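A.B. asks: Work out the full structure: start from the sequences and follow the hints.
Residue numbers (the numbering used here), protein chains in the order written: chain A, 1 to 129; chain B, 1 to 496.
FYI, nobody ran anything at the bench for these hints, they're computed from the structure. As the structure is a computational prediction, the values presented were derived from the model and not from experiment. One or more hints might be untrue.
Stated by the list, open to error - No more than 25 Å apart at the CA atoms, straight line, and that leaves these computed lysine to aspartate or glutamate pairs for DMTMM-like:
1. B:302 / A:6
2. A:59 / A:7
3. A:58 / A:6
4. A:31 / A:114
5. A:58 / B:195
6. A:126 / B:303
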Amino acid sequence: MEMIVDEIVAKYNYWIYVVLMMIGFYAMIGKRNLMKKLIGMNIFQTSIILFFVSTGVKKGGGIPIVDKYQALAGNVDAASMVNPLPHVLMLTAIVVGVSVTGVALAVLQRIYREYGTLEEDEILEKLQR
Amino acid sequence: MNATNLHLFVLVVPLLSALAINLLGRRSRQWIAPMVLGSLAFSVFGSIIIMARVIEHGNLSYTVGNWRPPYGIELVVDPLSALMMVLISVVALLASFSSLKSVEQELPGREHLFFTLYMILIAGLFGLVLTGDAFNLYVLLEITSITTYGLIAMGSGRAALSSFNYIIMGSIGACFYLLGIGYIYILTGTLNMADIARILPTLNAPVATATAIAFALVGLWVKMAFFPLHSWLPNAYSQAPTGAGTMVAPLMTKVTVYLMVRVILSMYTPALVFTHEWIAQGVVWASALAIICGSVLALGQKDLRRMLTYIIVAEVGYMVGGIFLANANGLTGSILHIVNDALMTLCLFLVVAAIIYRQGSVSLVSLQGVFRRMPITMAAFTLGAFAMIGVPPTCGFFSKWYLILGGIDGGHWEFVIALVASSLINAILFFRIIELAYFGSLQDGDHHEHLSTERHEAPWWMLSPLVLTAALLIVVGLSTGPLINNVIRLMIPVGF
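C.D. replies: Next comes the structure, spelled out in structure tokens:
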């Protein structure tokens, strides 16, 4: 038992992302309300963003802003600052996520206008009639 | 124009024309057709020149923003991506002729919006085949997907609901791919594909590498509708506006298969992907299942367009299986089948677009006696059907031949049996329609009386690309030898 707890505490960022991801996955697959599915999708994407950002962290790392001349002279210790690349990548991924959410919301609006509901069961019922 | 950067221009011109179409097309519809056709014609010529140059001089590369490759994003053209560029531009140009007509009919007043998305989609597809950066690949994958969601949602009836399902499934796929890239980045510290291929085999981290490979491949499989993950495809593709269907159905799945080839060959290296023999064998079994299930499900459909979407699911099985046979013949067959299947699907979807334009439905009942009304369209359909079945000298025969050879080389008899069985099922599927269309009587059942026997062919805009595609099926079939020797052989890694 203690071993498992140690294992979880040592790699807690991975556990958080896996748990969040599963919550999002459950919402996407299990929920019957289309809006809840969309929220699940957002949680799913966010969990991956958290995972990426956590990989850039270093113990005692500072902000990666350095003096240009110092950097050119090679006086900068890369180990003393956080890796900025995952953060930059995730900025792009957030933009992608926002665009997908926007498109999905627009589509949901169309569905709502057409069927008057966002419950999957009711929509399927209306389709069968 | 600097000639060595031509591939960047091929990518940028559709993107800029998308902007121009949105601004000018709003003012007047007259602007749309010349801009769409003009920029796509430029892409066709550009990509043919690039292909000739790549075959002659080897790979081209462009460093975006002048950042050196491991740090910046690199656009690379090797023989395979040059081939895909030609394929995408040709298919897009041919499909756009027909789309211009059918969109006019289906979405009056919204043409400029449709073609804005359409051109961004083409630019995204070009970007996908050009990019040499793993993360950039994710972004472009989402660009193509988002435009596809929009295009599909423009359809009528259940289209919005199918599009929403596609959004959910597509996001899962893209996120899994992104997760795979995350693990790769932790392992290697780089995102450049060539760099990853160089560093990854030197690491001694089999479990983490395998996890990364598995995540990325599963993500791509969702995107390409590999059998158990295919559920979003038939609804989405059969309810999209016909103009979007003719473009999306031939290209999206095929480009994703290309991405899988790219990820396996030039990012993860085949040696790493195929280390565990039972995994490769499992995937081949799964694709054999995909082929059989896709074909059998197609048998149960009562609508031509829906039937074709299930055939696409089966065809994805062909290509994935061919790659995971892990031998030269299978890989050649898969890459060849990407080209052939795009052309065959284009041919059949153009026929669907033409029939829908004239009679509004492609349900099997309404196809009765359609040959008498649209002889040229149905002649092209017959040719496309023969290619799907795999009758020589159409192109479908040659790629199936290579896939079967690969299956025999790898000792995967289940794959060979699935291929042959699905060809037989395809024969049943298409001959059923050919019989209906050629010999079906117009008199039985009173609800067909409104369909006259008069010749009422599709307009020239839809007919000419269709005839050209049908001719291409035979031309590509006959030029299989040079295509393999000059282009595809260059991509098969040594020791395969």
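A.B. asks: Just to be careful, I want the Cα atoms of residue 31 (chain A) and residue 114 (chain A) compared with a cutoff of 25 Å; is the pair within it?
C.D. replies: Status holds; Cα separation ~21 Å.
A.B. asks: CA of residue 126 (chain A) to CA of residue 303 (chain B), is that 25 Å or under?
C.D. replies: Holds - the C-alpha atoms of residue 303 (chain B) and residue 126 (chain A) are around 22 Å apart, at most 25 Å.
A.B. asks: For the pair supplied as a hint, residue 302 (chain B) and residue 6 (chain A), is the alpha-carbon distance within the 25 Å limit?
C.D. replies: violated, 58 Å
A.B. asks: Hey, residue 58 (chain A) versus residue 195 (chain B), does the alpha-carbon distance stay inside 25 Å?
C.D. replies: holds, 24 Å
A.B. asks: Check the hint pairing residue 59 (chain A) with residue 7 (chain A) against an upper bound of 25 Å on the C-alpha distance.
C.D. replies: Within the cut-off at roughly 18 Å; holds.
A.B. asks: Decide if the proposed pair is consistent with the structure: residue 58 (chain A) and residue 6 (chain A), CA atoms, cutoff 25 Å inclusive.
C.D. replies: holds, 20 Å
In summary, the one numbered hint that this structure violates is 1.
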